[in-house]
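What follows is the residue order along each chain.
There are 6 protein chains.
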Amino acid sequence: MRGDERLANQLRDVTITRNYIKHAEGSALIEVGNTRVLCTATVEEKVPPFLRGAGQGWITAEYSMLPRATEQRTQREATRGKLGGRTMEIQRLIGRSLRAILDLKDLGERTLWIDCDVIQADGGTRTASITGAFVAVVDALTNLRKRGTLQKAPIRDYLAATSVGMVNDEMLLDLRYKEDSIASVDMNIVMTGSKRLVEVQGTGESATFSRQQLNEMVDLAETGILQLIALQTEVLGDISSVMKKQA
Amino acid sequence: MRGDERLANQLRDVTITRNYIKHAEGSALIEVGNTRVLCTATVEEKVPPFLRGAGQGWITAEYSMLPRATEQRTQREATRGKLGGRTMEIQRLIGRSLRAILDLKDLGERTLWIDCDVIQADGGTRTASITGAFVAVVDALTNLRKRGTLQKAPIRDYLAATSVGMVNDEMLLDLRYKEDSIASVDMNIVMTGSKRLVEVQGTGESATFSRQQLNEMVDLAETGILQLIALQTEVLGDISSVMKKQA
Amino acid sequence: MRGDERLANQLRDVTITRNYIKHAEGSALIEVGNTRVLCTATVEEKVPPFLRGAGQGWITAEYSMLPRATEQRTQREATRGKLGGRTMEIQRLIGRSLRAILDLKDLGERTLWIDCDVIQADGGTRTASITGAFVAVVDALTNLRKRGTLQKAPIRDYLAATSVGMVNDEMLLDLRYKEDSIASVDMNIVMTGSKRLVEVQGTGESATFSRQQLNEMVDLAETGILQLIALQTEVLGDISSVMKKQA
Amino acid sequence: MRGDERLANQLRDVTITRNYIKHAEGSALIEVGNTRVLCTATVEEKVPPFLRGAGQGWITAEYSMLPRATEQRTQREATRGKLGGRTMEIQRLIGRSLRAILDLKDLGERTLWIDCDVIQADGGTRTASITGAFVAVVDALTNLRKRGTLQKAPIRDYLAATSVGMVNDEMLLDLRYKEDSIASVDMNIVMTGSKRLVEVQGTGESATFSRQQLNEMVDLAETGILQLIALQTEVLGDISSVMKKQA
Amino acid sequence: MRGDERLANQLRDVTITRNYIKHAEGSALIEVGNTRVLCTATVEEKVPPFLRGAGQGWITAEYSMLPRATEQRTQREATRGKLGGRTMEIQRLIGRSLRAILDLKDLGERTLWIDCDVIQADGGTRTASITGAFVAVVDALTNLRKRGTLQKAPIRDYLAATSVGMVNDEMLLDLRYKEDSIASVDMNIVMTGSKRLVEVQGTGESATFSRQQLNEMVDLAETGILQLIALQTEVLGDISSVMKKQA
Amino acid sequence: MRGDERLANQLRDVTITRNYIKHAEGSALIEVGNTRVLCTATVEEKVPPFLRGAGQGWITAEYSMLPRATEQRTQREATRGKLGGRTMEIQRLIGRSLRAILDLKDLGERTLWIDCDVIQADGGTRTASITGAFVAVVDALTNLRKRGTLQKAPIRDYLAATSVGMVNDEMLLDLRYKEDSIASVDMNIVMTGSKRLVEVQGTGESATFSRQQLNEMVDLAETGILQLIALQTEVLGDISSVMKKQA
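Chain order of the listed sequences is L, Y, F, U, X and A. 1 is the number of the first residue of the first sequence in UniProt numbering; add one for each residue after it. 1 is the number of the first residue of the second sequence in UniProt numbering; add one for each residue after it. 1 is the number of the first residue of the third sequence in UniProt numbering; add one for each residue after it. 1 is the number of the first residue of the fourth sequence in UniProt numbering; add one for each residue after it. 1 is the number of the first residue of the fifth sequence in UniProt numbering; add one for each residue after it. 1 is the number of the first residue of the sixth sequence in UniProt numbering; add one for each residue after it.
Among the hints, erroneous ones may be present.
The list makes no distinction among identical chains, and a pair is therefore deemed to hold if it is satisfied within one copy or across any two copies.
Straight-line Cα separation of at most 20 Å, SDA-like style, residue types lysine to any residue; simulated pairs [said to hold, decoys possible]:
{"id": "1", "residue 1": "Lys244", "residue 2": "Glu234"}
{"id": "2", "residue 1": "Lys146", "residue 2": "Ser240"}
{"id": "3", "residue 1": "Lys178", "residue 2": "Ala207"}
{"id": "4", "residue 1": "Lys152", "residue 2": "Asn34"}
{"id": "5", "residue 1": "Lys178", "residue 2": "Thr192"}
{"id": "6", "residue 1": "Lys82", "residue 2": "Arg92"}
{"id": "7", "residue 1": "Lys46", "residue 2": "Gly85"}
{"id": "8", "residue 1": "Lys46", "residue 2": "Gln75"}
{"id": "9", "residue 1": "Lys22", "residue 2": "Arg156"}
{"id": "10", "residue 1": "Lys195", "residue 2": "Gln213"}
{"id": "11", "residue 1": "Lys195", "residue 2": "Asn215"}
No lab work stands behind these hints: they were computed from the structure. If you're wondering where the values come from, they're calculated on a predicted model, not measured in any experiment.
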């Protein structure tokens, strides 16, 4: 049993609240245990300069934490005047993951801006961001479809993410901050509804890991991600207007 | 009747949720109509360099808006690499207002960091920040008192704020964004529980105003602020451990 | 009697030197006691992007202090790499105040850049900037009229500003730095020639103030501002080519 | 056969030149085909603030590309005034990878600064940086041992890295830029001499990948990394003074 | 005859006004034709970190232009967020030139901050800055001597500077902006009262120059600089308390 | 004899390796003793905004040092977020020097970007940059001529640079870092193949120099520069396709 009464292979309680923000084209508040991330999707009817005239769309993500999302107050990046390396890495990961399940040609010449703002942090903020952002994207695109401005269904598959780690030689699913901070190996996995891998990032900061552990960690992540996708499916209901038909 | 079914002299519905964030020493989510601001108070057991050894404390505030708090997505100041003038002006106002009702000597050699993050914006975010921050400060100081680290009650009085404006020649209390953006005169007033003025900021961007209008606007603001302070009183309950006895 | 032999309700000696800078379309050196501010007005024959095609002009202001304008040398903002909050607040105030008496449609599609550079500071630099900038603007617009490029008279009224404060329970007009730094309440008022208010900014940093004090402070400011406008009138002479006829 | 006459599972020619820079405590120029990275290791006899008094050392890495390392000239990050996300991600990866095989306690209270500067880029610059940096670190530590300032052997194992990718449905080892830019899946693997994984970063930007492909890609990377470590062993000769004895 | 009725070898009219700023330890407004530079010298009773405990002082200079010093308004470097290359080059030149005639050991462990702010520019602002800064430095040091805090006379010699250039194949002394902007060769010379060279910076942007021209330009500059030093001598009067006795 | 067995008037060994970088239109690695600078020339088929439609080209230079080019590791300017004054001064010097021997009209509407990156520093990096950049420029232009895109020969003359300094009252050619750091006078000279001066920058930081010394230093520099140009001539071979015929 873990500190929060979970089994090693158990996710935390997850809640997804759609349409949390009235102004955004799509928005979702995702809560994974005490981690709370507000995800919004904004539609901009143009593409960045490098894609002008290319007949396709773009999706880009920004990530930030409120100063008191963390146990100790974190200085604002706006006050420091620049983004830290961790922030940049996470926002690149979120954008890349969503691009993997989006058909940018079918999105048309528009940009989706994804904003993931961590209201409260307790581990797993980047994976919660991806899981929540998927819901916001679906809602934003559904709205476009309803308004008739989006011609096709641009989404190829569901998308969710979770973490796995080695803590005191035990393999744990969905790490809280307390577990994450003492994990010898830390892995973030992003996966689709059809169990295809999108990102595998396994890191041993002070330790290394074996091929067998790599495989077991991906196995464990998969069980968690399928539960997250089941929740997305339940929360979103029918999304056939934006999801491509599976062959 | 205004667009949202209010009378000219009527506040929007206001809700204050205490302890919204588990990590912060004090926190409050304040909702004024569709405006939602998350206020936290952080206690740091040291003072900035210019006050070292001065035998007193300090309070400072930071303010920010999430990108999709607004109708059109606003670029992050962290991405632009610097704070805008509006942000700086607002965070200076929040800090100054709270300093007016705090006895910094009785606070002791510690710093209160106030963070006001606008989750959703619909006018009046700076005044809602002040009203909500007061609650977060009370809770943070009450916690210090309970832990026995704070010797005295450092708060002199309640504190709240609201806006008043001239819209189409009518004087309105507590402007929504839609009203604020067409107001010819805009005034923000910060006031204490004993009706003392802390800040009066009246501005005519494209118009001017008379002495009589100044007076009437302050009168109208006072009625709103007293209601806000009644709500703070109700939400906070007994705060005698941190509030100085009134002479 | 105050330290510099003034009565409580007395302005410092004020001098305005027109055309101080040969390159600028309009310029004025304003001296208020030991405070010296160089104000220039630059005409640019285009408007910022957000006003393109809107058939109106714009006015914007920048404010800065030379490092040794102050008693202790102040670090340059150019060296620090960013503007401070105080600077931003002041330049927003100057721009907003001038916009209140300018008819931007009659200005035509051009931008007025106001630069207020404090050569020597002894309190009241922001209000001196406004009073001096008005003169520079009049001269710049008069030059445009002479050249025939400006079709109409775009100025609605005279504009000047001064400060009032509570120092040791006494209400003083036009504070020097020494007075300002110990004032419990500090107020800046911007007013037109017809006694209409443009900005009222009253602030109690460590104290609060009553409704009656608010009124008395505005009364006192008015007496000072009318003297400043009398001086502007004298210095400028006939400005009927740029000043709209009063109804 | 690939464009440069290699088999799918074949590394490019690799050369490592030790002591390329006379000033640095350790340095190596690594050439992997046309990719050329200059790696230096600098010893600083102090640790960053967060480790003061912790009785351990630190290692940190910086990465940069010369403007004409690339086919099109790339703007300098110094000229842009900030590091890009890709640079930050790579320097975090290099530092983390080296920390995994370094015993920071045995390093003592000193910092190793790793600089990886790409002189010419043709794909695989981050993995070449890791492979080359290992050699620079060994040389820097060997010098410390010779001077008698380093008490123990702080290295746990050899360390090298390479890339694998899916290009036109074929799995290729050690991608050139031309291959990398059209790869549907891209994986970077960092591994030790005893075949333990340090980092696995698999990314599908516009495609996804299966569990089986993940396994085969790690297999293929392993064959390449073992050849790189054989080269390191040959180039470095006896490193027993800095390498811990294997249990 | 030149446009302003000068001979080729004639300086513009030069005026130096001492003690222009009441707050500064030393200050001088120097006017060279239409060029006006305000120079101040600030004494700080500590040295920069790299000189702590070295038993000597330091002198450093900053240079800036007001936006409307120039014919076209120049954007503020504070607004752009960084100093331009020209500014950095000039402030390095001013500091270096003054260091050449100051005995830093005899200055004691203090820093002289020189600020040169161009109020109006018409060519030769960097050389006017040096000539004016010398006067401000003498006054600041004389004040230190009077207060008894400075033990010795730290100045070795007078210091002044001027420009020379080739314009339409004619060699001109002390270029105005109009001449400078079309000069094929431009030279700035800094020289002491005993005709020793401190800086010679000759530049042909679109042309080159011969050895003979180099010599003639330095000759011509010398005649101008000796006149400037005569003016400094007259303006400053007896400076024996800060000037070392000449051997 | 100097520390490295040179006579006072002797250059260090100089090697120039052409085409060091495969991607660049022109590139040269220049080694002057232990100083090693990689110079590249990039051709961009457009001009900066201020020259659009002016019927001429442009040349601009950037300069940087790798962190371990120096004996002590130097912090990266990209990490600090801004260029230092020394860097800006040097890149302005390199650009200006090359412009003096280039006919910008005959270059056509294109920009030459020169990058000088110091791999290892031992004094004289700015003069080595100029000497090496000339070779890279010739190669880049020769390539343009071969491709037929450049109509005329835009180079007017050879160009090289060296340093001279006063060290312990002795005049030395081509200073190493060890000599440069104790020189009382330091001079950089840029000269053409026909012995015309392009830049003369003589600086006495803590000392001054006489007219006679100025002349002797330029004489000595000339002997060195002619040797450098002889080497350029040998390395480059026939450059008549890009060099204008001498009258």
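Taking the hints in turn, this is what the structure says about them:
no. : hint            : in the structure
1   : Lys244 - Glu234 : within (18 Å within a copy, 53 Å between copies)
2   : Lys146 - Ser240 : within (12 Å within a copy, 55 Å between copies)
3   : Lys178 - Ala207 : within (18 Å within a copy, 34 Å between copies)
4   : Lys152 - Asn34  : neither (37 Å within a copy, 34 Å between copies)
5   : Lys178 - Thr192 : neither (28 Å within a copy, 28 Å between copies)
6   : Lys82 - Arg92   : both (16 Å within a copy, 16 Å between copies)
7   : Lys46 - Gly85   : neither (28 Å within a copy, 23 Å between copies)
8   : Lys46 - Gln75   : between (33 Å within a copy, 16 Å between copies)
9   : Lys22 - Arg156  : neither (27 Å within a copy, 38 Å between copies)
10  : Lys195 - Gln213 : both (19 Å within a copy, 13 Å between copies)
11  : Lys195 - Asn215 : both (14 Å within a copy, 15 Å between copies)
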